[in-house]
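Between the sequences and the hints, there should be enough to build the whole structure, so can you do that?
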Amino acid sequence: MEAVIIDGMAFALPLFIMAIGGIYSETSGITNLALEGFQGVGAFTGALAVALIDHFTKFDAQQLFYVALVFAMLGGMVFSIIHAVLCIRFKADQVISGVVINILAIALTTFFTAQINALVFGTPSDRFLLGVSDRFTVEGLAELPFLGAFFTNVYPFEIIILVVALFASYLLYKTKIGMRLRASGKTHMRWMRLG
Amino acid sequence: MEIANLKMEIPLGFVLAIVVAMILHFFLDQTVPGLKIKMVGANPNAAKYAGVHVGRNMIMAMMLSGCLAGLAGVTYYLGYFASIQPRVLADVGFNSIAVALLGNSHPIGVIFSSFLISVIDQGSTYMSSQAGIRQEIASVMIGLILLFSACSAYLKYKVNRLKEMEKVGRESDV
Chain W
1 MEAVIIDGMA FALPLFIMAI GGIYSETSGI TNLALEGFQG VGAFTGALAV
51 ALIDHFTKFD AQQLFYVALV FAMLGGMVFS IIHAVLCIRF KADQVISGVV
101 INILAIALTT FFTAQINALV FGTPSDRFLL GVSDRFTVEG LAELPFLGAF
151 FTNVYPFEII ILVVALFASY LLYKTKIGMR LRASGKTHMR WMRLG
Chain B
1001 MEIANLKMEI PLGFVLAIVV AMILHFFLDQ TVPGLKIKMV GANPNAAKYA
1051 GVHVGRNMIM AMMLSGCLAG LAGVTYYLGY FASIQPRVLA DVGFNSIAVA
1101 LLGNSHPIGV IFSSFLISVI DQGSTYMSSQ AGIRQEIASV MIGLILLFSA
1151 CSAYLKYKVN RLKEMEKVGR ESDV
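From first to last, the protein sequence lines are chains W and B.
27 is the number that our numbering gives to position 27 of the first sequence; each next residue is one higher, with no gaps.
Numbers given in our numbering equal positions in the second sequence, counted from 1, plus 1000.
Hints may be right or wrong, so weigh each one.
Stated by the list, open to error - Here are the simulated lysine to aspartate or glutamate pairs, DMTMM-like style, with alpha carbons at most 25 Å apart: (1) B:K1156 / B:D1029; (2) B:K1036 / W:D93; (3) B:K1158 / W:D93; (4) W:K91 / B:E1164; (5) W:K91 / W:E36; (6) B:K1163 / W:E26; (7) W:K174 / W:E36; (8) W:K91 / B:E1166; (9) B:K1156 / W:D93; (10) B:K1038 / W:D93; (11) B:K1048 / W:D93.
Calculated directly from the structure, the hints in this document are not laboratory data.
Computed from a prediction, not measured in an experiment: that's the story for all the values here.
Below, the structure is given as structure tokens:
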């Protein structure tokens, strides 16, 4: 029973944070089906950064984990500019744009992985070798009968995801930026008339 | 069969696909149900005003597309592989949305655009063995073609704008 909660949290929280990203996109009125593409490209840039740093220096895998997080966020951010340009400037159909970005993401990541492996590392492989992140256990709370499973074998990224989700919800509902985002999505016409 | 000294085997699925494309072209353009489907797609409100059942025709279009997709699946599995694993599905489904877009949503155009995409896809193995180019670049090429063909609405808008501006210019000259 504990394994269900432990592994379930480890797999459900990335899905959760991707859904939060989707909420932001839907709130501003753009249908975003390209989330899987963003996930792929973000993972690719994070893994690429870790593989390059690992090749040229000798850092510990645990410290590189946070570098991978930052680079993954940057990579996803830059790739989503394509979807934005296509939907806003070129007025493409948003569903079609999302599906095309998904296809493009798969194609680009496999191509670049094979190419970079051949050029920089000199191996004809089609994947990057990475280390596995450590898990930690909160000593006192892990003894609880049912809820203790939430605190055993926790990956550090789960905490980061929860913090980011709380910050995202605060940003959307309690700040001026979030209110403008919400206004521009739901009542698009009214917003434009008010200027 | 042999045409012009080239021996080819034409699978039945190929002939069937072209025949179905022509039947669909006739159905959409020249028959009343096809016209209703096109009307519902172009402007649902106007269709409802004209008395066409919007929901019923949407479901009919969806059933047609499901029927054709099933035909594609069966020719793929029974024709080329002669076996099917229930868990592993071919990935051509998402490519087909983009192929429809590239063919400008017309049945005859889709024949040619699917030719283009398949030629690039299947030719990538020969490209990698003959010219030394990496095989995955084929999917990058297809992805980029589809990315730019998604902008077709913008080009239509620009062309219309240019035509209007030219018309206004000519009227102001007169």
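*Any hints from earlier that this structure breaks? Give me their numbers in increasing order, please.*
Hints 6 and 7 are the ones this structure does not satisfy, whereas the remaining hints hold.
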